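Starting from the structure of chain R, add chain V where the hints point.
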Amino acid sequence: MSFLKNSELHEGGIIREAGNAHDYQTGDWRTFVPQFVEENCIHCMFCWIYCPDSAIDIDTSGDKPKMKGIILDHCKGCGICATECPPAKKGKAALVMVREEK
Amino acid sequence: MEQKLVALSGNEAVAYAFKQARPHVASAFPITPQTEMMHKFAEFVANGETETEMILVESEHSAMSAAVGSAAAGARTFTATSSAGFALMWEIVYVAASLRLPICMALVNRALSGNINIHCDHSDSMGGRDAGWIHLFSENAQESYDNAVMAWRIGEHMDVRLPVMVNYDGFIISHTADALHMLPDDAAYDFIGKYKHAYTLLDPENPVTVGPLDLTDYYFEHKASQLATYERVPGIVQSVSEEFGALTGRTYQFCEEYAMDDAELVIVVLGSSAGTCKDVIDEYREKGVKVGLLKIRMFRPFPVQMIAEKLAGRKAVAVLDRSASFGGQGGPVFMETRSAMYGQQVPVNNYIYGLGGRDFDLHQVEEVIDDLQKVAAGEELQLINLLGIRS
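Residue numbers (the numbering used here), protein chains in the order written: chain R, 1 to 102; chain V, 1 to 391.
This is chain R alone, in the form it adopts within the complex (with noise of 0.2 Å):
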C-alpha cells in the first residue's frame, strides 16, 4: 500500500473520495483468517451484512449474489462471519476461523 505525502492531503485531514476504505488496506491487523468452506455455504449474505469492512467477495452478475471468499487485504480477522454463519449454527459451518501461521 502506498501513502500519500502531506502536500496531497486536503485540509483538515478531510476526506473527499467516497468509498475510499478499499484502497485502506487493513489485513496485517489480524491474527485469526477465516477459511471458506464452500460445500457448506447457503449463500445467505450474512457474512456480507455483519462484516464490519469489506472482507467479504461476492458475486453480484447472477440472479442472487454468491460467496466467492474473503478479501484478505481487509479481513482483520474479528471472526464476526464466523460466528454469525447460518450453517455454523446447524455444526456445519461455511466459515472457520484459523490461526494465520507466517
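Simulated from the structure, these hints should not be mistaken for laboratory data.
Every value quoted in this text rests on a predicted model; they were computed, and no experiment measured them.
Glycine is no exception: its CB is placed at the ideal position from the N, C-alpha and C atoms.
Please note: incorrect hints may appear among the correct ones.
[Unchecked claim] With beta-carbon atoms standing in for the labels, derived distance ranges:
(1) R:Ser2 to V:Ala46: 50 to 58 Å
(2) R:Ser2 to V:Leu202: 30 to 38 Å
(3) V:Phe220 to R:Pro52: 39 to 47 Å
(4) V:Tyr94 to R:Asp57: 38 to 46 Å
[To be verified] Over 12 Å on every C-beta distance to chain V, these chain R residues come out as not near it, computed from the model:
(5) Ile42
(6) Asp59
(7) Asp63
(8) Leu72
(9) Ala88
(10) Ala93
Leaving out everything else, chain V in the frame of chain R:
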C-alpha cells in the same frame, strides 16, 4: 466611512460585531463575564435583527461540539465563553482547529479555578495557546469590536481556515461602558462578506468524511499541513487590518507601539493593562525617562519577527503576564518574548500581575519602570517577579 459614536460595554460591542456578520448559527452556554454578550445577542435574535439559529446547550463542551458540527455543515458559526467554560471545551477546541473550521469565539478573559474567581486574568486563553486557534487581544471596547469584525475575515480566508478567538478582559472591558465608533450594519457585512465554506457535510454530490480515525500512518502528515498554515496567517491578518484601516481609519499591527521611537526601556503587555501603562509612560516621558510600550495584539500565531525587531537594541525589557505558568520559567508572554529575542543582549525580566482580577494600578507600572531603569544601569534584578502582592 461615517461611523456612529456609541457608548457600549465591551460585551455589547462584541455582540453588535457578531450580529453584523449575520452568522447562521450561534451555540453557547452562559458563564460570567461572557453571559451579557450572549444575552445581548439573544436579544437581537428575539427582535428579528438577525436570522441566526441559537443553540442553547447544556455545557461548554456541547457548545463547542455544536459549533464544530455547524461549521462542518458549512455555516458561519460563533460561540463565546470564559474561564472554566473554555476549560470544559478543551477537547473540542483542538478539534475545531484541526478540522480547519473558521469558528469565531469571544473569550471574555477570566481566572481559572481554584479557588473560584470570576475576575479577569489571561489563564483561560493561555491554557489554550497550543490548540491551534488565532488569539487576538483587545485593549478596550473599540478594539474588542474591531477584532470581532476582523476575526471573520481572517479565519474564513481560504488560505487560513482557522478558528479565531477574540480575547477581551472580563469586567474591565466586558462590563465597562466605553465610547467607540461602530460601522453601520451593511458596511460591516460588506466588509466581512458572504460566508463561503471550504467543505460541507450537506452536499450529497460531493461527500466528505470529517474527522476519521487517523493513526500512525497519517496523523503526523495532517499535523505537518496544519503547522504550515500558521506561517501564512500573519500576512493575511496584515492585509485584512489594512483593508479595515482604509474603511474605518483604524489600522492595527500585530503589536501596537506606544512611545517606542527612542525608547530605551520597554514594557510588553496584552489587553486592557496597556491603557494603564500608557498613562504612567506619559508621566515618565515628561520627566525625561525614555520608556515605551509594545502591546501584543496577536498572541497566536506569535509575531516572533516583529517582536524581535522592535525590542532589538533596547536597554531593558519588562514583560507583563496576567497568567502564571506553574512550574514554568515565568509567564507565557515572557517565555515567548524571551525566546523571540534569543541571541540579543537585551535583559528581559518578567512581572506576573493582576491574577484573579487584582487591580493593576499606576503604582505597579511605576515599580516596573523604576526596575527597568535599574536594569538599564547594570543592576541585576530577580528574573520573575510578582506585582502588587502582599508579602
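Status of the hints after comparison with the structure:
Between R:Ser2 and V:Ala46 the beta carbons are some 56 Å apart, a value that agrees with the proposed interval 50 to 58 Å. As the Cβ distance of R:Ser2 to V:Leu202 is approximately 32 Å, the hint placing it in 30 to 38 Å holds. At roughly 26 Å, the beta-carbon separation of V:Phe220 and R:Pro52 lies outside the given 39 to 47 Å, and the hint is violated. Separated by about 40 Å at the C-beta atoms, V:Tyr94 and R:Asp57 satisfy the suggested range of 38 to 46 Å.
Taking the minimum C-beta to C-beta distance to chain V, about 34 Å, the non-interface status of R:Ile42 holds against the 12 Å cut. Distance check on R:Asp59: its Cβ is at least 27 Å (rounded) from any Cβ of chain V, clearing the 12 Å threshold; non-interface status holds. Against the 12 Å criterion, R:Asp63 stays outside the reach of chain V, whose nearest CB is about 30 Å from its own CB. Against chain V, the non-interface label of R:Leu72 holds: every CB pair exceeds 12 Å, the least being about 19 Å.
Against the 12 Å criterion, R:Ala88 stays outside the reach of chain V, whose nearest CB is about 30 Å from its own CB. No beta-carbon of chain V comes within 12 Å of the beta-carbon of R:Ala93; the shortest separation is about 31 Å.
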